[in-house]
Amino acid sequence: MSENPPRRQRPTPRNTPGGTPRKHSWLRPANGRTDGDAAAPPAPPAAGSAGGAGSIVHAAVYRDGLRVATPDSLADTYRLLREQPEGMAWIGLQRPSESELLSLAEEFGLHQLAVEDALEAHQRPKLERYGDTLFVVLRAARYLDAPEEVDFGELHVFVGPDFVITVRHSAAPDLSAVRSRMEATPELLSLGPEAVLYAILDAVVDGYAPVVAGVQNDIDEIETEVFSGDPAVSRRIYELAREMVEFQRATRPLVGMLHGLMAGFAKYGTDDELQRYLRDVADHVTHTSERVDGFRSALADILQVNATLVTQQQNAEMRALAEAGFEQNEEIKKISSWAAILFAPTLVGTIYGMNFDAMPELHWAFGYPFAILLMAVVCVSLYFIFKRRDWL
Numbered sequence: 001m002s003e004n005p006p007r008r009q010r011p012t013p014r015n016t017p018g019g020t021p022r023k024h025s026w027l028r029p030a031n032g033r034t035d036g037d038a039a040a041p042p043a044p045p046a047a048g049s050a051g052g053a054g055s056i057v058h059a060a061v062y063r064d065g066l067r068v069a070t071p072d073s074l075a076d077t078y079r080l081l082r083e084q085p086e087g088m089a090w091i092g093l094q095r096p097s098e099s100e101l102l103s104l105a106e107e108f109g110l111h112q113l114a115v116e117d118a119l120e121a122h123q124r125p126k127l128e129r130y131g132d133t134l135f136v137v138l139r140a141a142r143y144l145d146a147p148e149e150v151d152f153g154e155l156h157v158f159v160g161p162d163f164v165i166t167v168r169h170s171a172a173p174d175l176s177a178v179r180s181r182m183e184a185t186p187e188l189l190s191l192g193p194e195a196v197l198y199a200i201l202d203a204v205v206d207g208y209a210p211v212v213a214g215v216q217n218d219i220d221e222i223e224t225e226v227f228s229g230d231p232a233v234s235r236r237i238y239e240l241a242r243e244m245v246e247f248q249r250a251t252r253p254l255v256g257m258l259h260g261l262m263a264g265f266a267k268y269g270t271d272d273e274l275q276r277y278l279r280d281v282a283d284h285v286t287h288t289s290e291r292v293d294g295f296r297s298a299l300a301d302i303l304q305v306n307a308t309l310v311t312q313q314q315n316a317e318m319r320a321l322a323e324a325g326f327e328q329n330e331e332i333k334k335i336s337s338w339a340a341i342l343f344a345p346t347l348v349g350t351i352y353g354m355n356f357d358a359m360p361e362l363h364w365a366f367g368y369p370f371a372i373l374l375m376a377v378v379c380v381s382l383y384f385i386f387k388r389r390d391w392l
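Those letters in the sequence shown? Residues 1 to 392, per the working numbering, in order.
Note that these hints are calculated values from the structure, not bench results.
In this text the structure is predicted, and so the values were computed from the model without any measurement.
It is possible that part of the hints are untrue.
[What the hints assert, rightly or not] Between beta-carbon pairs, the in silico distance windows are:
1) 221 - 307: 16 to 24 Å
2) 220 - 324: 31 to 39 Å
3) 239 - 325: 22 to 30 Å
4) 297 - 68: 46 to 54 Å
5) 316 - 145: 32 to 40 Å
6) 383 - 224: 54 to 62 Å
7) 245 - 311: 24 to 32 Å
8) 297 - 325: 40 to 48 Å
9) 63 - 147: 38 to 46 Å
[As the list claims (entries may be wrong)] Below are the SDA-like pairs computed for lysine to any residue, each with C-alpha atoms no more than 20 Å apart in a straight line:
10) 126 - 253
11) 126 - 282
12) 126 - 384
13) 333 - 384
14) 267 - 384
For every residue, glycine included, the Cβ atom is placed at its ideal position computed from N, Cα and C.
When you get a sec, could you build the whole thing from the sequences and use the hints?
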């Protein structure tokens, strides 16, 4: 790839019959699901590493909706596009280097701020216009069954009069299916870069459906675990709630972006049928965004219910411990009472068992009966005292 390739003069925008410039429009295949999708031919092999392909995942030049070239490098793409004044380049990159993006910026006149965003990644979803170029940031999502997690990817799209550049910073989304679907419907692909942008938007939005289904299944399982007393469910609720925050950040801005595109229908003379297609995608995004909001509310409610159940369980355990302690105290009282009662005769018997000659009671005729009576009186007295105090 040559360094600093000469800036290609912008060709006249693809014209409708009669030479009238075609206005921008935002479109997609009907619901992104034409009958031709099932029979879509596989896309040609991705551009190889020869010729300085670098991070190019796939590059192609189209004319009238048909692929006319599959270049191996950015330099070849520039050259082939110059040879096709009525053509369109669709370049797919994954984690491109700074030099590659600067080369694209030089060739297609990309704005410096958009290029910086594409290099740094970690951008919020947005749509910005720089002259005749649109810069779109999308957050794709996919549900991973094994770890039961939502994996988010970032996609940057540059859309100009005769080019579409996609920059991915993760495995998702897979745009090969989008390219195959569009190539299977050349009448739609012939409508230009805006059609490709719409197809990409539709693919990203359709990719949210499995995530919504997976999250709904997780929430159902969590509800079961909450009421079964699973101690690990709190962590699962927290982690899923964090993923829903990310999901909300990915979907909510799309609503405004699509409504912004719809607001330009009159200005750009968008076909009525294409307007219906775009409204359908906007409806899907709105529905998904509402579902995500509902998931966050449901998880918040579940977390509160789980906290209540945990508190109730802890209170029950504390009550059980208190009752066990009370019963233990009652037993200790009984044991202590009988120990005190038995201690009195033991003490008297121990004293008189010393057998000292100087003890006057030893030679007293009533000494033995007196000792027995004394022990009985003490024991009975203690018994009634403890009984009155409910120790026995």
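We went through each hint and held it up to the structure:
no.	hint	verdict
1	221 - 307: 16 to 24 Å	holds, 19 Å
2	220 - 324: 31 to 39 Å	holds, 38 Å
3	239 - 325: 22 to 30 Å	violated, 38 Å
4	297 - 68: 46 to 54 Å	holds, 52 Å
5	316 - 145: 32 to 40 Å	holds, 37 Å
6	383 - 224: 54 to 62 Å	holds, 58 Å
7	245 - 311: 24 to 32 Å	holds, 25 Å
8	297 - 325: 40 to 48 Å	holds, 42 Å
9	63 - 147: 38 to 46 Å	holds, 45 Å
10	126 - 253	holds, 7 Å
11	126 - 282	holds, 15 Å
12	126 - 384	violated, 87 Å
13	333 - 384	holds, 14 Å
14	267 - 384	violated, 103 Å
Comparing the model with each numbered hint stated earlier shows that hints 3, 12, 14 do not hold.
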